[in-house]
Every structure is written in structure tokens, then in C-alpha cells.
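Trainee: So you can see what is in the structure, the chains are spelled out below.
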Amino acid sequence: MEFTVQQIADLLRGQVLGDGNAKVSRLAKIEEGTPGSLSFLSNTKYEPYLYTTGATAVIVSKNLEIKQSVSTNLIQVEDPYSSFSTLLEIYQQAVAASREGVEEPCFIGQNSTIGARHYRGAFSYIGKNCRIGEGVHIYPHAYIGDNVTIGDNTVIYAGVKIYPDTVIGSHCTLNAGCVIGSDGFGFAPQKDGSYKAIPQTGNVVLGDHVRIGANTTVDCATMGSTIIGTGSKIDNLVQVAHNVEIGKHTVVAAQTAFAGSSKVGDYCTIAGQVGVVGHVKIANKTIVGAKSGISKDIKEEGTFVQGAPAFDYKQNLRAMAVFRKLPELQKQVDELREKR
Amino acid sequence: MEFTVQQIADLLRGQVLGDGNAKVSRLAKIEEGTPGSLSFLSNTKYEPYLYTTGATAVIVSKNLEIKQSVSTNLIQVEDPYSSFSTLLEIYQQAVAASREGVEEPCFIGQNSTIGARHYRGAFSYIGKNCRIGEGVHIYPHAYIGDNVTIGDNTVIYAGVKIYPDTVIGSHCTLNAGCVIGSDGFGFAPQKDGSYKAIPQTGNVVLGDHVRIGANTTVDCATMGSTIIGTGSKIDNLVQVAHNVEIGKHTVVAAQTAFAGSSKVGDYCTIAGQVGVVGHVKIANKTIVGAKSGISKDIKEEGTFVQGAPAFDYKQNLRAMAVFRKLPELQKQVDELREKR
Amino acid sequence: MEFTVQQIADLLRGQVLGDGNAKVSRLAKIEEGTPGSLSFLSNTKYEPYLYTTGATAVIVSKNLEIKQSVSTNLIQVEDPYSSFSTLLEIYQQAVAASREGVEEPCFIGQNSTIGARHYRGAFSYIGKNCRIGEGVHIYPHAYIGDNVTIGDNTVIYAGVKIYPDTVIGSHCTLNAGCVIGSDGFGFAPQKDGSYKAIPQTGNVVLGDHVRIGANTTVDCATMGSTIIGTGSKIDNLVQVAHNVEIGKHTVVAAQTAFAGSSKVGDYCTIAGQVGVVGHVKIANKTIVGAKSGISKDIKEEGTFVQGAPAFDYKQNLRAMAVFRKLPELQKQVDELREKR
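Chains as they are written, first to last, in my numbering: chain F, 1 to 340; chain A, 341 to 680; chain D, 681 to 1020.
So that you can see chain F by itself, here it is in the shape it has in the complex (with noise of 0.2 Å):
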């Protein structure tokens, strides 16, 4: 989307010192403008770049005094970080509104409804008996399966692949290719050594405001739900297992990955490439170091783990340090044990 300085000034109710004609189109950090980008400068740490930058406008604070010449055009305003945030939601905002309306070829089954202002993709697929909320976005090739349900505002982009009787809040965004309720991994052992895939007839029910990266996957349930709570965000190439449980507000950053039937508590920070075993609970508000293993419970609130197995992030920290020098630690005995 382009716009005038004029457009953007008028927007965040400033002014303009310079061409207000001039047109932008994306934003850029000030020390990283180039023509056609908008910048603002909240820091006076930055101000040295406002009289090199090569964005075409940067927002400034109506109280900064300019030092030298400037080529770039301001739009001066009471508050430059306040502003910009403004713009961001804006842009979102105008982004979201600009997706309305209907691209043929798509799909939709017997029975299935969907509110006002929404937007389908052409290829998109929704099946039967759907109930799909207001403002729902669903992009090109998004597959929603029969009975699903979906909230209002819910983003599902491109390639999203959502399986029969999943529940999904409102306001939730799905990232492209992230599968929703694939087969729980189960299978019962035959006497001859082979395995018998036992039927997985639950689904998934994600809560308001859940954010689903990339590429991420998440089991539907043996029977029951395999639950993401409200507010929680899901990084991408996560692995949800049947049956996990994931509190609201809790953050799960890329590859990290959850066994069947784990239960993860509220507020929790979980890094990337963590694995968590089956059947363990975590408590509230834990944090896991990256590439940590969770072999058993988490029982008190607010601990800080790091290792695999993980334990105490701080033991952890001193436990490395003397691994590193192992050899020479090695070394030390071996002369004790010499001139003993």
C-alpha cells in the first residue's frame, strides 16, 4: 500500500516539513530507510541517522530541534514512538480490511455457514456443518474439515490444514501449512511385533487470541480434546501430541515438541527445541531453556529449568562450566591418585 507524507501526517494529526507529496510504502528502522520507507525517531541515541537516512519520511517529535540539513521529509507529531505504533496497528488494521469478498474457484459443503465481512481465497476448501464467525479470514488452499468451528476475526492463511470437528476461537491467527488435529500418534503392539493404529476420535479446541506458526502441528486427541488455552502463542514446526494440554498465556518458541497427554500450565515461557515426555505436568509461570528436556513434573510455580534431563537453570549453568573442563578435572585425579 502507498501512501502520501500528506495521507500519513494528517493520520497521526502532525505536520509536514517538506514534500508532502512524496509517497511511501513500507516502514523501515531509521538507520535502515531507504526511498520509499517511513522511519520515526523516538531515541535521541538515533538522531545522527535522521541527516543520513534514506528513507523518504521519518516521524520526529515536534519539540526536536534540527541540527543540520535534512533530505529526508518529517512529519512532526507530540509523540514519535506513539505515533508509530498507531501507524502499525493501522496498517494491520487497513491490511485485514483490504481482505474482503470472494475468489472463485472455492469450496464450501452442505450446511456450513460464515458471518459478514469475511474474506475466501480462491482453492480454499470448508467442508460440511461448519460454523464460521464474522471477519474470518481464510486464504488459498486452507482445507477446513467437517464440523469445524471458528470464532470471529480468526486468520487461517494459506495452506492451513484444519481436520473434521476442531473448535477455534476468536481472534486467532493459524500461519501457513500448520496442520490442526492430524491422527494422534497411538498404536497398540501385536504379539508378531508389528503395530495396530488405535482410532483417534477426539479433536482439538484452541481458545481466543491462540497463535499457531508455521508448519506447526497438533494432534487431535484419543478421545476427549487436545487443548491450546486462550492467549497462547505457538511458534513454528511445534508438535502438539494427543491429548496436551497447554494453559492460556503461555509461549512456545520453534521445535519444540509435547508427548501425548502432557499438561502445561498458564503463563509459562517454553524456549525452542525443548521436548517434553508424555503424562508430565508443568506448573504455572516455569520457564524452559532452550534444547531442554522435561523428563518428569514440574511441581512449583515460577522454576527455571534448563538441561536434558532438565534441572535447576543456575545448577545447570555451574554443572557446565566443569564439563568443559572435564580433561583437566580428570587430569587432577589421575596425579592425586599417582603420588598418593
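It is worth saying that the hints were derived from the structure and are not from the lab.
Do not rely on the hints blindly, as some may be mistaken.
What the hints assert, rightly or not - Quick list of in silico lysine to any residue cross-link-like pairs, SDA-like style, CA-CA up to 20 Å:
hint	chain 1	residue 1	chain 2	residue 2
1	D	Lys965	D	Lys976
2	F	Lys196	A	Asp548
3	F	Lys314	D	Lys961
4	F	Lys196	A	Val435
5	A	Lys468	A	Phe447
6	D	Lys709	A	Gly600
7	D	Lys1011	A	Gln670
8	D	Lys1011	F	Asp334
9	A	Lys369	A	Asp419
10	F	Lys339	A	Arg677
11	D	Lys961	D	Val931
12	D	Lys965	D	Gly945
Keep in mind it's a predicted model, so treat the numbers as computed, not measured.
Model the placement of chains A and D on the given structure of chain F, informed by the hints.
Mentor: This is chains A and D only, laid out in the frame that chain F set:
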């Protein structure tokens, strides 16, 4: 799908105690039953839940003595556990049978054939010269390249991508978003430090009853075939590189990766987030603990390893126990050295 | 594709010994040859296979003395290895050239242009205002958002998802299911412990000759660009977070993750399942061993590190050697303390 309690009882040759017209539409554990759900009571440990469950109906033994008033409806059978298993299978068959026919638009290339009783979802794509068996389900947005062979009763979920020349057995399940046959990761270093792609001309061969998880990737062979044997079950987000061979009835948990040309035996159990380096061989019935790294051959059948790099499981447990106390050990050695 | 042995011989300016009308349709190692396959014999170590191979034809040196009877057909050439390489390239070009034209239905938005000799598969989607070069292959179910730029001869495999505003160079290969430009994982913590998404307004820029693996994810920048430099090769299921910059001719193996704003140099080799924390810088020509965790800057070119957290590769090997024997070391120390 919705059934009356009487219909379920008839299926199971059982008898209704209560309202045969009540409707159930899903299965639930007795302690998690809600209106509309059907549970079973086999282990008498759970009997107290019978008097409090919210389930609409519960399958019980005809020999069970009802000790309190129940608000749920009972279906009395010979053996509740086996009845429930029967029901799960019937459920699965019913789900399968309900998928038949062709949704438009979908694409099928020249000279491709597909057997009876199949399902092809809208926006599914089948290339040229494919041979696809009977009872195969191909969900929306599945991509099947040219010259692919697929056996009977295989299920290809939404958005699965199968590259040309792949061979897939019968009774396989490919979960949503998995990729079969992507280019192997092979590059010839050039004199200037850059890399030139080595053409990947091989394919992927999956046996019968193979299960591939959501968003798992299986690369084609440089020449010849990448192979996953009959009965093997691969979880979500697993990486299988070019020319890997996985034996029969081997189970691989989520986010594990096999590097190029590694060979895994039959009846192995590989836990999650394991890495196997290129060209190593793993004997039959090997068990690999979570997050392990396999850097050399495992020659003895039934070996259980753990760690990165992996070694004997028990030895690793003992080493980890000392690892946690390394700062203490260092202190002990320091003291010995001082007092020497 | 099927060729006669004579056609192959003509391509390679070689001579047929045997049946020139025999047909071959794939390449195989000489020890794995089966009817219909074409092999080559360069290293004389493999000569015994020449007399037993099941391959329909084998490319051999015209100087090779045939010592036993052969049942396969021979194609005699000057240099078998270079002939085989030539053949691989011709094969690849033939595969590429065979993809041309447009399959219906496919979608192209207003004001988008695409160059000559392109392929667009059925159900492929191109948004508005895209600029796509010549000889580009866009497979079925590929999604290309608005304002995307793609250079000449780039291949976009099935189900690739490219978010709006992405810039992709020429001669790139994007394997099936990868996601380019998904929302960066950035959230502002709120006073009540919940998180608010920070609008992600940047994009992704890929240089020329970049290779992206199947189901890999590359997030867009918060502002500015996430960058992967010319010639870099990224394997499957890799995570590249917002504002990451990867240099030129760097190779990254499967399931590795780069956290936000990390910078990786040129000519680096990053093995599989590595994790790199946010904001660190990795010097040119760095080598990182599998499963390592990079938690701080690597400043010296050509460094080889291993471990989580990573340190010098050899030092890590030595520490791991002692780690395995930690129970023994503890016992030695216990003995020394007792006998003191």
C-alpha cells in the same frame, strides 16, 4: 455422526437400561463424559464415576451390580472393553466409508487410473500415468505427481505432497502436509566455494501399512530409492533424508531426523528429537532414547542407547547423575589437592 | 521417461555393444541395477558387478577389457564418469523442459506478469502485482501472495506458501510445503501477563541460486527484511526467524533453527538440529556440529564448534570422553577422600 443409544446397543448386541432414544455423537472417558458422549466402564476402579458422569450413555458389563441411582443411560453387554474396541473399529470404518465420490473441481492427468470406492476431494491433483488402487481416499489439496503408484485403501490427507515416481503400498496413512520425494540435499562443492546441486533422480518407496505423520518430509534418493518398510510408523515433523532405509515395524517419534544413507533395522523404537548421522547402520530392535544423537553403527540387536553422542542407556543415566553434581566433584578434588 | 540404449549412446557419442533397442527409464548404481535401469562403471573396483548386474545397460570406458560374458548391454564412451554427469544434467534439463504451459484451473491476480516458458500447475495461486520471470515453474497448490517478485528459472514446488512482498532471486529451488514470509514471532507482554502481537511489516529476500527445503519456514522481518544470501542451501524443516540474515554459500542441514535477528556469515556449514539464539553473529566459514546450541557470537573465521552450549570442537570431544566415565571418576575421588 449421531446415533441413538438403542442403535449402539443393537450394534453391540447389548441391552438398554434407560432412554434408547437419547443421542450420542462422540466417545469420551467416563470421568470426562458430557451430554452427547458415550463412555464405557470396564475397570471397576472407575465405577464411582458411573454415578456422577455427564455422559449420555455408558457401556457396562451385564453383570455389574448398580449400587446407586444413575442419571446416564446404560448399555449392558458381555464385555465392555471389547465392545468399546469393536465400536472404535466400526466408527473408523464408518468414517472411512462415508468418504466416497469426487468433489469438483479436481484434477487428474492423462493416462492415470484409480480403483473403485475412492474419494477425491476438491482441488486434489493427480498427475499423469499414475496407478492408484481401490478404496483410496485423496483429500483436498493433495498433490500426486506423475508416475506415482498407490496401493489399495491408502489414505492421503489434505495437502500431502507426493513427488513424481513415488511408490506407496496399501493401507498406508499419510497425514496432512507431509512431503514424500522432495529433492535430496546433495551438493558438489565448487572451486570458488559455491555449491552445485547434484541431480536427484531416485524415488521413495513406502511398504504397506506405513504411517507418515503431519508435515514429515521424506527425500527421494539420489539414485535408487529411499525406503520405509511395511508396518513402520513415523510421527510428525520427522526428516528422512535421501537414500535412508528404515526397516519393517519400526516406530519413530516426532522431530527425529535421519541423515543421508542411514539404515535403520526392523522393530526399532526411536524416540523424539533424535538425530542419526549419515551412512550409519542401526541393528534390529534397537531402542534410542529421546534427543539422542547416533554417530556410529549400532551392531547388536536390542541395544538401548541414550545421549548425544549416544551410548549405553544405563551408563548414560549414571553419567548424568554425576554431571548434575559436577561442581561438588570439582570442589572435592580442589580440597584434595590443597590438602595434599 | 524412457529411452533406448541407442538413444543414450547417441547422446553421449558412444557405441553400443549389445541390444540398442533395449529400453531404460532410470539411473541406478551398478550394484543395484534392475531391468530398465542404466548404470555406469568408472572405478574399476566395481568391475565385478559388471558381470552380475541386473541393469539393462552400463556405460563403460571404451578401453575397458571385458573379461567375462556380460548379460547387460554396454555403451562404450571416452570417460564414463563425465558421461554419466552429462547424462544427469541432460536428465534434469529434460525434466525441466517437459514442464511448460498452464493447467486449469489456476489463479492469477490483477496486474501480475509472468515471463515466457513458464509452467503453472492446476490450483496454483498468484496474487496481485507480482513480477515473475522467465522459465519459472510453479507447481500445483503453490501460493504466491500479492507484490511478490521472482527471478528467472526459479522452481516453486507443490504447496509452497509465499507471503506478500517477498523477493526471490533467479535459479532458486523452493521444495514442497516450505513457507516464506510467515509472521515473525514477536509479542509485547501486557500488564495482565497476556501478550499482544507486534505487527510484522517487513518481508523476506532470497538471493539467487538459493535452495529451501521441504516444510522449512522463513519468517518475515518485523521491519526491514529477513535475508538468505545467494547460493545458500537450506535443508528440510529448518526454522529461520524474523530479521535473521544468512550470508552467501552457507549450507544448513535439517531441523536447525535460527532465532530472531541472528546473523550467519558466508561459506558456513551448519549441521542438523542446531539452535542459534537471537541476536548472535556467526563469522564466515564457521562450522557448527550437529545438535549444537550457539549462545554467543563466534568472531573468528573458520571456527569449528560443537555442543550445547557450543565450544571448541576438539575440546568438546575430550570433555565428552570423560563424561562417559564420570561414575568412575566420582568413584576415584571417593576413594581418595576415604584414604586421605
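Trainee: Look at each hint and say if it fits the structure.
Mentor: A quick look at each hint next to the structure:
no., hint, in the structure
1, Lys965(D) to Lys976(D), "holds, 16 Å"
2, Lys196(F) to Asp548(A), "holds, 13 Å"
3, Lys314(F) to Lys961(D), "violated, 25 Å"
4, Lys196(F) to Val435(A), "holds, 17 Å"
5, Lys468(A) to Phe447(A), "holds, 10 Å"
6, Lys709(D) to Gly600(A), "holds, 16 Å"
7, Lys1011(D) to Gln670(A), "holds, 13 Å"
8, Lys1011(D) to Asp334(F), "holds, 12 Å"
9, Lys369(A) to Asp419(A), "holds, 17 Å"
10, Lys339(F) to Arg677(A), "holds, 11 Å"
11, Lys961(D) to Val931(D), "holds, 16 Å"
12, Lys965(D) to Gly945(D), "holds, 7 Å"
Comparing the model with each earlier hint shows a violation of hint 3 alone; every other hint is respected.
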